[in-house]
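Student: The primary structure of each chain is shown beneath.
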Amino acid sequence: MSAPATPAVSSAAAPALAVRMVDINKRFGNVQANADVTLSVRAGTVHGLVGENGAGKSTLMSVLYGFYAADSGHIEVAGEPVRIRHAQDAIALGLGMVHQHFMLVETLTVIANVMLGAEPHVLLKRADALVRERLLALMGSTGLRVDLDAIVGDLSVGDRQRLEILKTLYRGAKILILDEPTAVLTPQETEALFKVLARLREQGTTIILITHKLKEVMRLCDHVTVMRAGRVVHESAIANASVQGLAEAMVGRQVNIGRPSEGAVRPGEIALQAEGLTLRDAMQVTRLHEVSLSLRAGEIVGVAGVSGNGQSELLEVLSGLRAPQAGRMMLAGESFEPNCWLEPRTARRLRMAHVPEDRHARAMVMSFAAWESAVLGYEGLPEYSRRGWMRHGRMRAATEALMQRFDVRPRAPKLGSAKFSGGNQQKLVLAREIGQSPHVLLVGQPTRGVDIGAIEFIHGQLRALRDAGCAVLVVSSELDEILALADRVLVMNQGRITGELPIADCSEARLGLLMVETEDAPA
Amino acid sequence: MSRALPLPRWADVALMPLVNLAIALVAAGLVVALIGQSPREVMVMLIQGAFGSARGLSYTLYYATSFIFTGLAVSVAFHGGLFNIGAEGQATLGGLGTGLVALWLSQRLPAPVLLPLMLLGGALFGMVWAAVPAYLQAYRGSHVVITTIMFNFLASALLGYLLVNTLRAPGGMSVESVPFGPAAHLPGMHEMLAGLGIEWPSSPLNISLFLALLAAAGVYLLLWHSRAGYRMRAVGASEGAAAYAGIHPKRQVILAMGLSGALAGMVGMNEIAGVNGKLLLDFVGGAGFTGIAVAVMGRNHPVGIVLASLLFGALFQGGAEVSMEVQGFSRDMVVMLQGFIVLFSGAMAYVISPWVARAIHAATRRAAPAAKIAEPAGGTHG
Amino acid sequence: MDEALIGAMIASTLRVATPLILGALAGLLAERSGVIDIGLEGKMLFAGFAAAAGGAVFGSVAIALLLGMAAAVALSLLHGYACVSHRGDQVVSGMAIDLIAAGLTVVLGIAWFHQGGQTPPVSDAVRLHPLWPGAAAALSGVPVIGAVLGDGLLSHNIMVYAALALVAAVWWLLYRTRFGLRLRAVGENPHMVDAAGVSVLKLRYAALTLNGMLCGLAGSYLVLAQSSSFAPNMTAGRGFMALAAMIFGNWRPVPALWACLLFGFLDAAAIRLQGVVVPGIGEVPVQAVQALPYLLTVILLAGFVGRSVAPVALGQPYVKER
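First to last, the sequence lines map onto chains A, B and C. Mind the numbering: the first sequence is residues 174 to 696 in the numbering used here, read in order. Mind the numbering: the second sequence is residues 170 to 551 in the numbering used here, read in order. Mind the numbering: the third sequence is residues 2 to 323 in the numbering used here, read in order.
If you're looking for bench data, these hints aren't it; they were derived computationally from the structure. Being a predicted model, the structure only gives us computed values, none of them experimental. Hints are supplied without guarantee of correctness; some may be wrong.
Some chain B residues near chain A, calculated using beta-carbon distances under 10 Å [claimed, not checked]:
{"id": "1", "residue": "Leu272"}
{"id": "2", "residue": "Ala386"}
{"id": "3", "residue": "Gly387"}
{"id": "4", "residue": "Trp393"}
{"id": "5", "residue": "Ser407"}
SDA-like, lysine to any residue: derived pairs with alpha carbons at most 20 Å apart [said to hold, decoys possible]:
{"id": "6", "chain 1": "B", "residue 1": "Lys419", "chain 2": "C", "residue 2": "Gly304"}
{"id": "7", "chain 1": "B", "residue 1": "Lys419", "chain 2": "A", "residue 2": "Pro517"}
{"id": "8", "chain 1": "B", "residue 1": "Lys447", "chain 2": "B", "residue 2": "Leu362"}
{"id": "9", "chain 1": "A", "residue 1": "Lys587", "chain 2": "B", "residue 2": "Lys447"}
{"id": "10", "chain 1": "A", "residue 1": "Lys298", "chain 2": "C", "residue 2": "Trp172"}
{"id": "11", "chain 1": "A", "residue 1": "Lys592", "chain 2": "B", "residue 2": "Arg535"}
{"id": "12", "chain 1": "A", "residue 1": "Lys388", "chain 2": "A", "residue 2": "Ala356"}
All residues carry an ideal CB built from backbone N, CA and C; glycine is no exception.
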């Protein structure tokens, strides 16, 4: 870990610290989200806060902005120790946050959204005039351009983000926190944003940029802090950093942790083939960009990457929950096109099983008893229902068997699904899907919220399934998991597959680079 | 915001309805006291009136019959994820359907053939009257609560129009149809019992009570033992999970509401075929709205609904008796109590249940201080 | 056409529309803030009873109006307590209010006045009278527009004109004041409003209070201007018709006004159309005309005529999330 570099000292005194967070600790349940984190942000600079999902950067900024209270540690703004209990305190101190999910009222105009909550006058006409004046001045000095009278619902994503930034500046923010700002922007919009941020920096605004995109960090930032597993692992001026070094710091772990010794894997026939999958969401943002992949029987393919880069959408498309705008898919000899895409029922008929990422909203019905959740999706099978009537006895017995096989506790099929712990819920869902002896299994975040003992068990089950000839696709934001399970690794970034590596060729350096979309560095 | 203590299942199912009823009775009792009467006396008279005589009991059961139908209707819709405020209008249409079949065929078919057809007609009419708002909700996004309220008004307008213009018995002053032929008559309970040699006072109570109980059993079997019911409940509980399972939410919504409307439509068998023997205005008399109270009190389960229907039947019958004895008391007291019950069971549920939960936890902690605290369900922070 | 008829129709339309306008404005304010309100009927009924009782007992129109508004505001705040402060179901709560009002008004009426639920008629001094009583007669001689102006427009009591003025007032409140901006925002995205430092709770309670006051005026009007005493269930579905008008007007004050006028016109026309033969259809059934407001609302909601755009956060209890 490189020592914090001394900033270039001009003849003037050393630049003041806009924000200093010292020894911040924050725990949620068993997870230590922030552990002894110290962050120093120099005034008038752009500071990058980098890390994978779960590294703790969002938590840290939520503490700074007053959404959470830290368990211990203190915060200084402009050299003065402060207590930040709500967002209002943060705003009063000159902090402004632009969230990943915009907080806008779509039916109102831009100017209405900006002034809401801080209207300078009771009468809107007067308030409008006053606000407009200030905003025009702000827009002039920062280069931010938004049509003040446009209805927000009509604006593009880039415009909405500019509006969000304008909102914070209108409230007098001198320290701007941006949470993954370019996640939803097109390249052109990203350029425009960079210009704005550069202008703001020229004017003395301090900017904290939360991101996992190292290219942007190298371009925009003056300093960077890398977090991993709740701690700060690297801090330096950009001048002294390299993409490779940062990627390694971000990802850095030993390869092949917990990987049992095994014979060479010999994958069989292609069980699933997808070509050119392209998906745009309701806001016309491209979530999947010409994704192609193939799955063979008897192999586990891991999809690695920072969460939010299209992995969820990939699973939805492959499992038939969503149809793409373009592309083709072949499954069990049947071919699917966008206008007649796969449906979940057909998928099951073709022996494809799916363990969804979202356990609560998709995989189970929380208000159902365990045995009812244990047949979700399969209630139409002859062993479970006959002539429209459900065979309760069979279903309960099957659930018991599944619970036995996968060690789900408590062994109570009649218990409400919501009463099981996260790990046991996940085991039940896996039991259900694996219990159908599928030919293809899609799994999203197999061990999210699952305790250590169950993780081992689940991994073992997935390997056993692979050995029995199933084609398994595992999406996980935990790189450890991918490295432990996969025979072949696909890396996704920005809706594209940026790389495909057999497990033997995976090193933290290569994977890290692929995850942050930089040119492939020489191995 | 402090974390709410969970309510144990037995409390949720059995205790809460009683607590809500108790609070509603207290509120109503306050009003009774406010107008200068004794709540206790009123209560005693009410129970006497509802259960104290064979005749009273018959009336109680007769009212309960319609409430069972509408309560089942509302609960089926709830299980499918929708609020059916339109049971009143669907019951109206159901009666119309039953009556139309009777008017058309009662001179030509014998009772064993005619009565099932009348039932079918009523159920069908009610089903359609519910399916249209359901379709509009599923495929056009129209809020089902508003459309069903509108359909209630449309139903009474339609019935009024038909009765005044087309179906009116000639020469009569009242707005009613011609009486049906004897084949269209559902035997009254007193007739049936007389056939068995038991003397029973005459009352509107008829064998549609058995139909209602059968319907309750049928709803139970459908919802919890059939595949269709499973899918319906899945959509009502979690649309995301239902989609994942390959169940089509839109289709299920229409099915659930259709069934709901059909159940409400069976009120026609009680009121038109059983009691009146002809079509007339306003035979539903608010049963559609009582059905909502019944469903809410009965926790949307057929057993609870039958019990709650009995309760409300008793309130209506007892209330009628009290209003005859006590000066100043009227049936409207029951309407008011109904409102209180809906308020406390339905709207204020989140106000009351935390208190009850806290009380239970305090009581159990005092009883077993070393009891293990269960691990909360759900994963760790992602 | 006979101008006297036109004048009479206009007069009738305005008179029938007045409680609808007030009710629609009330519902509009609540629903724009995100709270479903199907309790308009119950609030109007309760207010009518309170005004009738108050007017009969105290003999003062001011007290009658105040009591009417207080009664409706009380129910609105109850609705708020169940649904805004706590996460009660808004539809169920509205329904409960309708039922409670229907029962309670008759119970109290019988207990206090012993007339089977009716209240004694309020004295003439308490009733609302036309502002310009001589206008209709004076203008009847003027050709063409005399009846229209005199009978149609100038023969009404103060509340009719107040209702029209209130449309403008609510419009101004909603679109020209800070409060109105926040109100509109909280019905669309309460999280945003909360994050901006404005209390969602206070906004919704304010909206509900105004809602209660307007319902109070609507209910009082029925007793002070139309009949002169309270009769059980005298609102006869007007609350729901006001709801329909509000939806028909897309939750906006001026379109809601037109909807109310349309519905009022239909009501006025219903009586006069009885017996009239329309070519191609035959005799127009009075029930068809009575049902028309409801039918039109359904057609609008189904999206066949224009688009119905409800406030986005309507009906969702606001829960602070972290």
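Student: Taking the hints in turn, state whether each one holds.
Tutor: Hints, one by one, checked against the model:
1. Interface hint at Leu272 of chain B: violated, since its Cβ lies 35 Å from the closest Cβ of chain A, which is beyond the 10 Å cut-off.
2. Against a cut-off of 10 Å between C-beta atoms, the interface hint on Ala386 of chain B is violated, since the closest Cβ of chain A lies about 14 Å away.
3. For the restraint placing Gly387 of chain B at the interface with chain A, the shortest Cβ-Cβ distance is roughly 13 Å, beyond the 10 Å limit, so the hint is violated.
4. Given hint, Trp393 of chain B at the interface with chain A, holds; its Cβ is 8 Å from that chain's nearest Cβ, closer than 10 Å.
5. For Ser407 of chain B, the suggested interface contact is upheld, since its CB lies about 5 Å from the closest CB of chain A, less than 10 Å.
6. A C-alpha spacing of about 17 Å is found between Lys419 of chain B and Gly304 of chain C, which places the hinted pair at or below 20 Å, so the restraint holds.
7. Annotation: proposed proximity of Lys419 of chain B to Pro517 of chain A holds, straight-line Cα distance about 16 Å (limit 20 Å).
8. Between the alpha carbons of Lys447 of chain B and Leu362 of chain B the distance comes to roughly 24 Å, so the proposed pair goes past 20 Å and is violated.
9. Under the criterion of a C-alpha separation no larger than 20 Å, the hint pairing Lys587 of chain A with Lys447 of chain B is inconsistent with the structure, at around 49 Å.
10. With a C-alpha separation of about 14 Å, the suggested pairing of Lys298 of chain A with Trp172 of chain C holds against the 20 Å cut-off.
11. Among the hinted pairs, Lys592 of chain A with Arg535 of chain B is inconsistent with the structure: their alpha-carbon atoms are about 24 Å apart, more than 20 Å.
12. For a cut-off of 20 Å, the pair hint linking Lys388 of chain A to Ala356 of chain A stands: about 13 Å separates their Cα positions.
Hints 1, 2, 3, 8, 9 and 11 from the list above are not met by this structure, while the remaining hints are.
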